[in-house]
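Going down the list, the sequences are from chains A and B.
According to our numbering, the residues represented by the first sequence are 1 to 114, in order.
According to our numbering, the residues represented by the second sequence are 115 to 326, in order.
Where hints are given, some of them may not hold.
[Claimed, not checked] In silico DSS-like cross-links for lysine-lysine, where the CA-CA straight-line distance does not exceed 25 Å:
id : chain 1 : residue 1 : chain 2 : residue 2
1  : A       : 106       : A       : 70
2  : A       : 11        : B       : 218
3  : B       : 288       : B       : 235
4  : A       : 15        : B       : 218
5  : B       : 218       : B       : 288
6  : A       : 11        : B       : 235
[To be verified] Calculated Cβ distances over 10 Å to all of chain A for the following chain B residues:
id : residue
7  : 128
8  : 156
9  : 178
10 : 182
11 : 229
12 : 284
13 : 291
[Claimed, not checked] If you anchor each label on the Cβ, the simulated ranges turn out as follows:
id : chain 1 : residue 1 : chain 2 : residue 2 : range
14 : B       : 126       : A       : 78        : 32 to 42 Å
15 : A       : 88        : B       : 122       : 35 to 45 Å
16 : A       : 5         : B       : 218       : 44 to 54 Å
17 : B       : 159       : A       : 82        : 22 to 32 Å
18 : A       : 39        : B       : 288       : 48 to 58 Å
19 : B       : 135       : A       : 82        : 15 to 25 Å
20 : B       : 128       : A       : 83        : 34 to 44 Å
21 : B       : 291       : A       : 81        : 38 to 48 Å
22 : A       : 103       : B       : 184       : 33 to 43 Å
23 : B       : 264       : A       : 15        : 33 to 43 Å
24 : A       : 15        : B       : 212       : 11 to 21 Å
25 : B       : 159       : A       : 5         : 39 to 49 Å
26 : B       : 187       : A       : 107       : 33 to 43 Å
27 : A       : 88        : B       : 135       : 23 to 33 Å
It should be emphasised that the hints constitute simulated quantities derived from the structure, not laboratory data.
Even glycine gets a Cβ: it sits at the ideal position worked out from N, Cα and C.
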Amino acid sequence: MAEEMTLEDVKKHVKVYITVFIALAVLTVVTVAVSYLHMPFTPALLVALAIATVKAALVALYFMHLISEKQVILWVLLSAAIFLIGMFALFLGAQADQEDIAVLTKLILSSHVA
Amino acid sequence: MQIPYEVTARPDTGVNNAKLGIWLFLASEVMLFGGLFAAYVFLRIGADAWPGMMMYGTETMAERADQILNVPLATLNTMILIASSVTMVMAWASLKMDRFNRYKLYMGLTILLALGFLVVKGFEYGDKFDHHWYASTNNFLGVYFVLTGLHAIHVTGGILVNAYFWGPGTKLWKQGTARDKAHFTNRIEVAGLYWHFVDLVWIFLFPTIYLI
């Protein structure tokens, strides 16, 4: 956030904060209301994650001032995102591997029985 | 010992050191919570039923998380945390406008809301313990207690930092020079960034654990 902000700028910001607060509260109500519909798992997950992502973006952009933040901060966040995706990819790979091993084990066992 | 502390932006990074520092810390926090989220995802993928069996040796079976967890209480806590994020940013804006009494009010509210969050969480946990549901009961409760517990520890840390800046930490502002005030405001901004991150984590925890 720029140090050279004027008093007027801050006052404008305050209005934005209140608006964001209302938006966050409304989205919370929406996400809870949707959960009571008891949708099947995949659409329920997608809707919940979509709403959560919008809420998180509002917090990050306005309360954490990312919308006007310097580039170096964005690079830090990008690196965090890359590492996070990398970690999930590694786990996903391990999971897929394990499933392969399980299938192979079953095959071997069944051939022994036969 | 005097810690060198500057609120002016460094020419190479374009930001002050405290801000770069807190964002690097938050990036590491993303990995901490991300790792646990990954554990949750894969435990759930591998589970036959979720939440699944809630009592050993009985037929108590839950098919949805909201049969076990208290969604109204968690919704209340979501609102509390969102409100505390607003009061935190208002505390910082008050300092920017040189209104110290307003700052004290908003920071005080932030701390009270955070304490309220922990009290509600305490009731939630107490209810689980009454049912003899612990982190060791099954994977669902393990995930629930570890993720919400780690988050609650973060809330506690935020309360400690904010309480310091509400009480003894204000000495810096009261010294009164423009430099002191700028430094204090910078500290509140950095504490705020941490606090908003704690809110942000909850925004993902709430739907994925309670509602799905």
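Restraint check for residue 11 of chain A with residue 235 of chain B, where alpha carbons must lie at most 25 Å apart: At roughly 35 Å apart (the allowed maximum being 25 Å), residue 235 of chain B and residue 11 of chain A break the hint.
Outcome of range test on Cβ distance (residue 159 of chain B, residue 82 of chain A; 22 to 32 Å): holds, 23 Å
10 Å Cβ clearance of residue 178 of chain B from chain A: violated, 8 Å
Cβ distance range 44 to 54 Å for residue 5 of chain A and residue 218 of chain B, holds or violated: violated, 21 Å
Cβ separation check - residue 128 of chain B to all of chain A, threshold 10 Å: At roughly 4 Å from the nearest Cβ of chain A, residue 128 of chain B sits no farther out than 10 Å, so the non-interface label is violated.
Distal placement of residue 291 of chain B relative to chain A, Cβ over 10 Å: Check passes; 16 Å lies beyond 10 Å.
Beta-carbon spacing of residue 39 of chain A to residue 288 of chain B - inside the hinted bounds 48 to 58 Å or not: holds, 55 Å
Outcome of range test on Cβ distance (residue 264 of chain B, residue 15 of chain A; 33 to 43 Å): holds, 35 Å
Supplied distance hint 33 to 43 Å, evaluated on CB atoms of residue 187 of chain B and residue 107 of chain A: Distance hint for residue 187 of chain B, residue 107 of chain A is violated at roughly 49 Å.
Hinted pair residue 288 of chain B and residue 235 of chain B, Cα distance within 25 Å: Violated - the C-alpha atoms of residue 235 of chain B and residue 288 of chain B are around 36 Å apart, more than 25 Å.
Distance restraint hint 11 to 21 Å, applied to the beta-carbon atoms of residue 15 of chain A and residue 212 of chain B: holds, 19 Å
Distance restraint evaluation - residue 88 of chain A, residue 122 of chain B, Cβ atoms, bounds 35 to 45 Å: Between residue 88 of chain A and residue 122 of chain B, where Cβ atoms are some 38 Å apart, the hint holds.
The earlier numbered hints that this structure contradicts are 1, 3, 6, 7, 8, 9, 14, 16, 20 and 26.
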